[in-house]
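2 protein chains.
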Amino acid sequence: MTLNADYTVLGKGRKLIDGLEKVTGHAKFTADLELAQMLHARPVLSFYAHAKIIGINTDAALAMPGVVAVFTANDLVTKDRVINSRSSSVLAKDKVVFAGEFVAVVVATSDAAAQDAVALVEVDFDPLPVVSDMMAALKPESPIIWQHGVPQEGADLTTLHGNSSDGEDTVQTIASNMLEVKNFVRGDLTAGFAASSVIAQHTYETAWIHQAYLEPHAVVAEPGARLGQINVYTSTQGQYAVRNEVARLLSLKQSDVKVIPMNVGGGFGAKYGLIDPLVAALALKLQKPVKMVLSRTEDMMTTTPASASRLELKTGASSDGRVMAIEAKVYFDNGIYPFGFPGIIGMLMGGYYKCDNVAVEVVQVSTHKPQAGAYRAPGAPQVTFALESNIDEMAAALNIDPLEFRLKNGVKTGDLSGVGRAWTKIGLRACLEKIGLHPAWLNRHQSSSSDPDCLEGVGIAIGGWPGGFSPAGAVCRVDTDGTVRLHVGSVDISGVHSSLVLIAAEQLGVNPDAVQIVQGDTESGPYAPASGGSQVTVSVSGAVQDASVQVRNQLLEVAALELEAHKDDLELENGAAQVKGVPEKAIAIGQLARLAQTKAGGAGPIVAEGRSAMKSGAPGFTVQLVRVSVNKLTGVITPLEFVAVQDVGFALNPTLIEGQMHGGNAQGLSMGLYEAMRYDSSGVLNSANFLEYHFPRATDLPPFEAVIVQEPSDSGPFGARIVGEPPIIASAAALANAIKAAVGVRVLELPVRPEQLWKLMQTT
Amino acid sequence: MTLNADYTVLGKGRKLIDGLEKVTGHAKFTADLELAQMLHARPVLSFYAHAKIIGINTDAALAMPGVVAVFTANDLVTKDRVINSRSSSVLAKDKVVFAGEFVAVVVATSDAAAQDAVALVEVDFDPLPVVSDMMAALKPESPIIWQHGVPQEGADLTTLHGNSSDGEDTVQTIASNMLEVKNFVRGDLTAGFAASSVIAQHTYETAWIHQAYLEPHAVVAEPGARLGQINVYTSTQGQYAVRNEVARLLSLKQSDVKVIPMNVGGGFGAKYGLIDPLVAALALKLQKPVKMVLSRTEDMMTTTPASASRLELKTGASSDGRVMAIEAKVYFDNGIYPFGFPGIIGMLMGGYYKCDNVAVEVVQVSTHKPQAGAYRAPGAPQVTFALESNIDEMAAALNIDPLEFRLKNGVKTGDLSGVGRAWTKIGLRACLEKIGLHPAWLNRHQSSSSDPDCLEGVGIAIGGWPGGFSPAGAVCRVDTDGTVRLHVGSVDISGVHSSLVLIAAEQLGVNPDAVQIVQGDTESGPYAPASGGSQVTVSVSGAVQDASVQVRNQLLEVAALELEAHKDDLELENGAAQVKGVPEKAIAIGQLARLAQTKAGGAGPIVAEGRSAMKSGAPGFTVQLVRVSVNKLTGVITPLEFVAVQDVGFALNPTLIEGQMHGGNAQGLSMGLYEAMRYDSSGVLNSANFLEYHFPRATDLPPFEAVIVQEPSDSGPFGARIVGEPPIIASAAALANAIKAAVGVRVLELPVRPEQLWKLMQTT
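Taken in order, these protein sequences are the chains called A and B. 763 is the number that numbering that gives the first Met the number 0 gives the last residue of the first sequence; the numbers go up by one with no jumps. 763 is the number that numbering that gives the first Met the number 0 gives the last residue of the second sequence; the numbers go up by one with no jumps.
No lab work stands behind these hints, which were simulated from the structure alone. Do not take every clue at face value.
[Stated by the list, open to error] Here are the computed distance ranges between Cβ atoms for each label pair:
#: 1; chain 1: A; residue 1: D568; chain 2: B; residue 2: N552; range: 29 to 37 Å
#: 2; chain 1: A; residue 1: L226; chain 2: B; residue 2: G186; range: 27 to 35 Å
#: 3; chain 1: B; residue 1: E583; chain 2: A; residue 2: L213; range: 29 to 37 Å
#: 4; chain 1: B; residue 1: E583; chain 2: A; residue 2: L226; range: 31 to 39 Å
[Unchecked claim] As a list, the in silico DSS-like pairs of lysine-lysine whose alpha-carbon atoms are at most 27 Å apart:
#: 5; chain 1: B; residue 1: K411; chain 2: B; residue 2: K328
#: 6; chain 1: A; residue 1: K27; chain 2: B; residue 2: K284
#: 7; chain 1: A; residue 1: K287; chain 2: B; residue 2: K27
#: 8; chain 1: B; residue 1: K11; chain 2: A; residue 2: K27
Every value quoted in this text rests on a predicted model; they were computed, and no experiment measured them. Think of the CB as a built atom: it goes at the ideal place given N, C-alpha and C, for glycine as much as any other residue.
The following block holds chain A by itself, in its conformation from the complex:
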């Protein structure tokens, strides 16, 4: 292992490279783009969740000043494509299947004109029966949404975020609203429960929640420089995914679609391409630039939020405190189109604790709601909430300290995950040990409150994420002015580029400010996986390192000739090459680049494209602690303290890792306390704006403490692990355990609203 101490800039906390741009409002987002002759598009949304489209009258809208066109499904090049995912539902054909689906689109010379004209588009709907509630959808009397299964064609982009196809299918022979049933089984459940002296059994429920990024979906498309080419500027986590889907739906060559990933104001799994095909089709048809920026309400109604879940969980432990059996039946509401991630449910439910007897059934259900989508660690907070609640219950029943119980049972390197594969090297134990020494844990029974009606409690929970990884490329160049240019295919959604520059700076002995990083478009950029599933830093860092090492060698070779010294006797320091310890004759790397790229028969330009392809993942575990105060009289819950311990393997840039941890911890806590999208029985969302959709302000949150553990991974570059997902996973579970510790009540539903908690307290 290479310790942080061995490095000059790597592993040292450093600012966000585009922080100044963002703080000063100079950073350009998609909505800021103003192109000449640009038109503005706004969608006409269905407010029916299920209805036939009898007719659409666009006359009044078209008569509005400034309106250029109003299109329905059959007007666009996408009309013959099968609709089987949110991204392929460019405009609804014949009928609508969720409230929020696009029925038509208005294009005008200003956004205001388009918005006004939307109200004048008259859609004649014939309402059809709505399947709104997930559990009601499974009853025999429920109408079947997909009588003949979901139509097949193409791929669904929304599943890109951390999906896994493990598990065994339960074959469905009768048409039902069960889209998919997967089983993850090992051992003998009956024997497991027979050997248990305590059993915890509960049904947990969680609500639909929205990713609640600040920047709504926004796309600008324009006809490109080449005939038939289209340029798409978009707020996305993955430009290649968007390119492929736009090309597929518009029947273009991939190389005729150039996707330029812009600054992203939050993605969290929801930005893999959604309105891009529509906007691209409009620009292609009108041969003018077209912009579409969803309003908050449109965005919340039509995008792909995280689905509600129901987790029926039964666990058993032996009298000496060993987990003997885990049995779970997990339902996830998929909304109208499939969004499956059963593998991750199975993997985590049977993968946090050593246990020989596990049976997890995952059921995906169709309803007339928007398609479910990925939200940071999809499925994991829900699984963790249920499992970690049961664990605390069993520990308590056995009178074992909950931390001791977790230390005893928590998985170690080589133990099985819930899909039957052994965990590679992991650091869960180190995290548990760390929290055990933390004052917040040691003082867990002390109360800071002077109000006798406010009871305090501390809860902990663990969380883990296997982490994606994918091959990637990266270009490193040295310019004649000494600038190191990194060209990458990754989208910088979480400060990842502020870590990548450190790798090049470290290798090349330059100040990180001398490293310019360019976020590539699909035409000129290197390939990288989409920035999601926690995979981008671990996947791309290796390619940057590979390219930087090659460039380092190239620089030293040129310098060796110039300094008449052996390459091995040289070093790169302060932006120059020198004989080790002899800075007097140093040659600036810009000068070396100039020599290399201008001298006849010389080395050639200083440049290399690095590649990387990790052989296995670099899972990350976290232990989170929450102290809450619960007001007995009102049920109001106040989080007072939050400590997150997370094993990141190697902290490439600790400042940004702390940022990731704070953000995810806050989201997880918010999931536990505030957030819920409520659909009524007609399938319409009742809280499609940020007034009615409750999430916390900064003042609603406790102080967050981020404790970084560095147990180097075997496979990640520099020993680094995945970072982005774990912070959100354990917060709600820790909250639930803290509430139990405070007031003795086991909460079974997220979010925990004061009214419900108060009611629970009355019955306990």
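Take the given structure of chain A and dock chain B to it, following the hints.
What follows is chain B alone, placed relative to chain A:
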């Protein structure tokens, strides 16, 4: 040598890749760019060639509706930079030194408003004495333009096109309008002439001519996405040259200047950055996009045309027809700032023929005219006109056939050029042999005319160009849809990209249409030399080949795993990898790319950055033949037939080489027959538009026949040689010899106007 026959697509003629875009008017040029909130700038030109600026009153211009600002030199960030070249003369300070210099600039919301306001800017000039004529400038009574020498700072971009710094300086001790005097001497001139039995001695003169690209200089600059960054869209031959000069003059970091090279409507040596610093300074100051497109008159008055020359040439040959001595004094008018290319003058004047005794003196002269600049093979047509005329004179005097004389004396591999270096492998002899067998030569004494007043004659001349070369990089990627993406730093001014795609297609076994080539900007693109001096194909092809070979290997490695075969048993054909001769199990390269870039622990994305750096040049020689008809009564010259034989080493794409030859041949003929920029005694150009500046229409030109010779070069990729420059070099010289053959008159001045020829015919 690899013969064309060994290849599938390489060496086979193929269409211009962007021909369709250009023919249909879809291709975007800089002037086509429309950016939101874009302002339009127009310059205020001085019509004095030398004057003090007493004051500038901008009130009336500023009062015009639509006018945003009027700036003079001191208003811009460039104000403290030294003015010593055309590109550094952003706006004139205190005084003007050539007619056409920018004095002020108007920025308005429309181009029309800016243009109208230009007329209202009142500049109070105090005229100063003008040095206009080159030879008068050298007289003792002439005012001295640069009493203290030309101010020093920075570099001059205009010298990038084929400059050479060979030769010995004659030290100037007295201030004069001789900017530089260089001497290229070998052997003993006196002995050489003593051994000669015939001597030819003439003074030749050529006019100022303009590169006459169809697209005038055009630049759009806008504030970039990052704070302090500027984007420059420009019609240029070299984006890196423009970047460096803009950064230097605006005191920016190079990495803060992103230059996007657009389609170029002709460059011919004149487009290395000229109005870019001005437009960039305006965009930076106003923080808005600014466009400037020069009008034809502005362009012809203010850019850097090819200078007039005077060549005093004396040559001698022995009675057995060997060239014994070459003595030349060559004057080039540099205009106001230095534009030297003495090396090429010396190299060619003493480098076409084996000769032991050579003395060439090159004098660069300052005048109050626009700075001279590069025009396709700068200096070479002038040298060749003089030398090849003298050669014909000597051959005639010795009664030796002019082709035989050239075969006897023309340089071969290893013979010395005029700067004393041996020519690497060249193919002049092969070209001469080829023309000797051509019917146009064999039938040279036959006349096709029935008009007894029209006399016909055939002339030939040789030409050569050493050719630049420079290291370069290039990226090759394979996308999942099977598209091969080439990313290059070269600007496609002469169809070069239509050759580069063939190299990748050949290596990767794909249809050339599957190869997409991306012209890089300075931020994301690979490095390549500017497209000038005939260097770009030979310099970049090697990098493309290097990258393609690496990618080929990567593809075969992935395929070997999939096909369970040894890599060496595989081949790439029809866009797929297969066991040799077994297409049934072929795997498309897009599929291989998908496997490589998605499989965990796989190969990583299919991509490589190739580099190349030739060790020596790949000179190109040509022999050109013209048949003319001269009307005895009017002096009207009609070119009837034109045959160009050119050694290109290896014709990567013969179709485009023919295009290059036709174009250059036409330009050379036009130089001989039509083109001249005439400055009056006050230094003002009298023909600053395409009505008064005469160049030929298609109907004025004879049929061109291009005969390609392929004597492989030792150093060029695939044996390829430089191509772009030679076609223009020998045409005017061949024309002069044809006229002599037709009417017995030796023309000493270019262009040859009918009136002058008629007068000459009367005195001969």
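Hint-by-hint comparison with the structure:
Between D568 (chain A) and N552 (chain B), the C-beta spacing of about 33 Å keeps the proposed range 29 to 37 Å intact. For the pair L226 (chain A) and G186 (chain B), the beta carbons lie near 59 Å from each other, so the given range of 27 to 35 Å is not met. Range check, E583 (chain B) to L213 (chain A): about 54 Å between beta-carbon atoms, so the 29 to 37 Å window is missed. Taking the beta carbon of each, E583 (chain B) and L226 (chain A) are about 36 Å apart, inside 31 to 39 Å as hinted.
Restraint check for K411 (chain B) and K328 (chain B): the C-alpha separation of about 25 Å stays at or below 27 Å, so the hint holds. About 19 Å separates the Cα atoms of K27 (chain A) and K284 (chain B), which keeps this hinted pair within 27 Å; it holds. With a C-alpha separation of about 14 Å, the suggested pair K287 (chain A) and K27 (chain B) falls inside the 27 Å cut-off, and the hint holds. Proposed proximity of K11 (chain B) and K27 (chain A) is contradicted: the alpha carbons are some 46 Å apart, above 27 Å.
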